[in-house]
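Number of protein chains: 2
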Amino acid sequence: MTATPSLVDRILTRDPRAVARAISKIENDALDSNEILKSIYPHTGRGLAIGITGAPGAGKSSLVDKLALEYRRLGRSVGIIAVDPSSPFSGGAILGDRIRMQLLSSDPEVFIRSMATRGNLGGLARATVDAVAVLDAAGYDRILVETVGVGQDEVDIVKTADVSVVVLVPGMGDDIQAIKAGIMEIADIFLINKADREGVERTEREIIVLLEMSERSDGWRPPIVRTVATQNKGIPEFVEAIEQYDAFRRQQPSSSSRQTGVAEHRIIELLRDRVLKRLLREALPAGELRQLAEGVASRQRDPYSVADEIADRIQIKPGFHDKGSPNDVEP
Amino acid sequence: MTATPSLVDRILTRDPRAVARAISKIENDALDSNEILKSIYPHTGRGLAIGITGAPGAGKSSLVDKLALEYRRLGRSVGIIAVDPSSPFSGGAILGDRIRMQLLSSDPEVFIRSMATRGNLGGLARATVDAVAVLDAAGYDRILVETVGVGQDEVDIVKTADVSVVVLVPGMGDDIQAIKAGIMEIADIFLINKADREGVERTEREIIVLLEMSERSDGWRPPIVRTVATQNKGIPEFVEAIEQYDAFRRQQPSSSSRQTGVAEHRIIELLRDRVLKRLLREALPAGELRQLAEGVASRQRDPYSVADEIADRIQIKPGFHDKGSPNDVEP
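As given, the protein sequences belong to chains B and D, one line each in that order.
First residue of the first sequence? That's 305 in the numbering used here, and the numbers climb one at a time after it.
First residue of the second sequence? That's 305 in the numbering used here, and the numbers climb one at a time after it.
Treat the hints as calculated values from the structure; they're not laboratory data.
Incorrect hints may appear among the rest.
The list treats identical chains as one, so a pair stands whether inside a single copy or across any two.
Here are the simulated DSBU-like cross-link-like pairs (lysine-lysine), alpha carbons at most 30 Å apart as the crow flies [to be verified]:
(1) LYS621 <-> LYS581
(2) LYS621 <-> LYS342
(3) LYS621 <-> LYS537
(4) LYS581 <-> LYS342
(5) LYS581 <-> LYS463
(6) LYS329 <-> LYS463
(7) LYS581 <-> LYS537
(8) LYS329 <-> LYS537
(9) LYS537 <-> LYS342
(10) LYS621 <-> LYS463
(11) LYS329 <-> LYS581
From a predicted model like this one, the values you see are computed outputs, not experimental measurements.
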């Protein structure tokens, strides 16, 4: 306590309280969270972020628990982020998860955190990606991102992980069960949990049919892993599949890598936040928004013209190219 | 076919093809959709938008069908928007719905449309609100917005309706079933569907307990309606509850009304879209985003600084107040 290392220093030495505090700052969109993220970013990219999504009742939480325990057995440190988009209909699952996770959380090499939606500005997807960056910079080897819900938000979150796992269970739906087109693109690994149930063969066949219909541009063929997480069955095979995909993706040329697409998406999401906040702060005097909204509510104005008018208060700076990418040699 | 009335004129005379075309333009973010929306906006506010959300399996689609039929019996025209956020796990419900809805769609006084998520720019919530505006301008008396999924997006959509209905079923969850804090604020009406099932008393008691814990600022006490939609039971009572709330909300002072809050939210969402699009179009030369993303992916740059740098290419115009609200008399 004599010297006071900065929050960033403490994150980099994996002080769990510093990690927790940084994530809280990110969730609350604290003023200094941007600077913290800038400072830690060069230290990221070492850990492997594993996104796990799937239908409700697929046993994702048990699976994450067992995966974390297996990684611990292999000597890896583990960060876990459970994403709860606060759906008013998701019920009490989270609390149960938290209690179960306490078994893991007595291990200092395991960090567990749940994240939920906050307000309108900000956004859960952004906060989750940033929290993964904090765990990564803190040196957690494997970062498991588990989504509780099943909406587009969760798919977006899982897409930004290094490895995306889609969890299914036998006999869930009627036909081709729950797999729509979008999910095929994001799954690096398919996992059939509760694989001791009837219908597992059929579920696997359905996945194979879907895989044959679509080919990935990188040539990766997603494996199908069977587990019974509650009985700890298939977990080493799950780890093996993850590590194999990790080895594969590291061989990909960076220009064509998913990383670049993820980075592009991320820059745009950050931009969206920044320009809106700036506009609200600098170009919309206090009270004016409410006044305009009253005009819209009473149909004296239309919201489209109002938004156009406010958006028109910004202009692009002349000569912005000077500050642009140094590789940009346009006049 | 001699004169060619504009799309807007045709919307205002409730030409279903014009209505459908305008909604497609909104979904696809067509160049002229903004102008169409501006033109029709003064003609909105006559119809009543009824948002219906609830847990999966609560029978929302049957309920919407029966509600539509009841409104038809009462001589009201009905627009229906089924919102499907394209969750990759939502299964095949939509198709079934569409088939069932064809029974209704032979009625020229009924317009049915489903809407799904598209890409990143745009946003389902915005498109849904705009589609409601089209149906409203077209003179549909009652506009039913049914959400298929259960995420935050859907809650956001239902919140912007004039009347929000939350659908529950008996015995769905363990304890206080599916009701979290957020949902209490958005429900103007609670509906227990499948009310012939065991546990209906308990579900109602739980809602009452929750209602007693929270008081609405407008003093409205949400009624609890019981229905068995498949047997057409309780539907007139449901209509009665909707109409009573509509009468109540029309008496509220406009300054404190939810309408103003909704309008505020809407202006901000439109702004978010506009400023980002403009920035991408005017301040980010082709290829530069990808180049920056590659730098971020390889950790040469961090995405936060990149976003700051791009955001810094805009500036607030001096003297924007001149173009501001005419009521704004600041120097």
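Status of each hint after checking the structure:
{"no.": "1", "hint": "LYS621 <-> LYS581", "in the structure": "both (18 Å within a copy, 16 Å between copies)"}
{"no.": "2", "hint": "LYS621 <-> LYS342", "in the structure": "both (24 Å within a copy, 29 Å between copies)"}
{"no.": "3", "hint": "LYS621 <-> LYS537", "in the structure": "neither (59 Å within a copy, 63 Å between copies)"}
{"no.": "4", "hint": "LYS581 <-> LYS342", "in the structure": "both (19 Å within a copy, 25 Å between copies)"}
{"no.": "5", "hint": "LYS581 <-> LYS463", "in the structure": "both (26 Å within a copy, 23 Å between copies)"}
{"no.": "6", "hint": "LYS329 <-> LYS463", "in the structure": "both (24 Å within a copy, 28 Å between copies)"}
{"no.": "7", "hint": "LYS581 <-> LYS537", "in the structure": "neither (49 Å within a copy, 49 Å between copies)"}
{"no.": "8", "hint": "LYS329 <-> LYS537", "in the structure": "neither (38 Å within a copy, 51 Å between copies)"}
{"no.": "9", "hint": "LYS537 <-> LYS342", "in the structure": "neither (41 Å within a copy, 59 Å between copies)"}
{"no.": "10", "hint": "LYS621 <-> LYS463", "in the structure": "neither (34 Å within a copy, 38 Å between copies)"}
{"no.": "11", "hint": "LYS329 <-> LYS581", "in the structure": "both (17 Å within a copy, 28 Å between copies)"}
In this structure, the hints that do not hold are numbers 3, 7, 8, 9, 10, in rising order.
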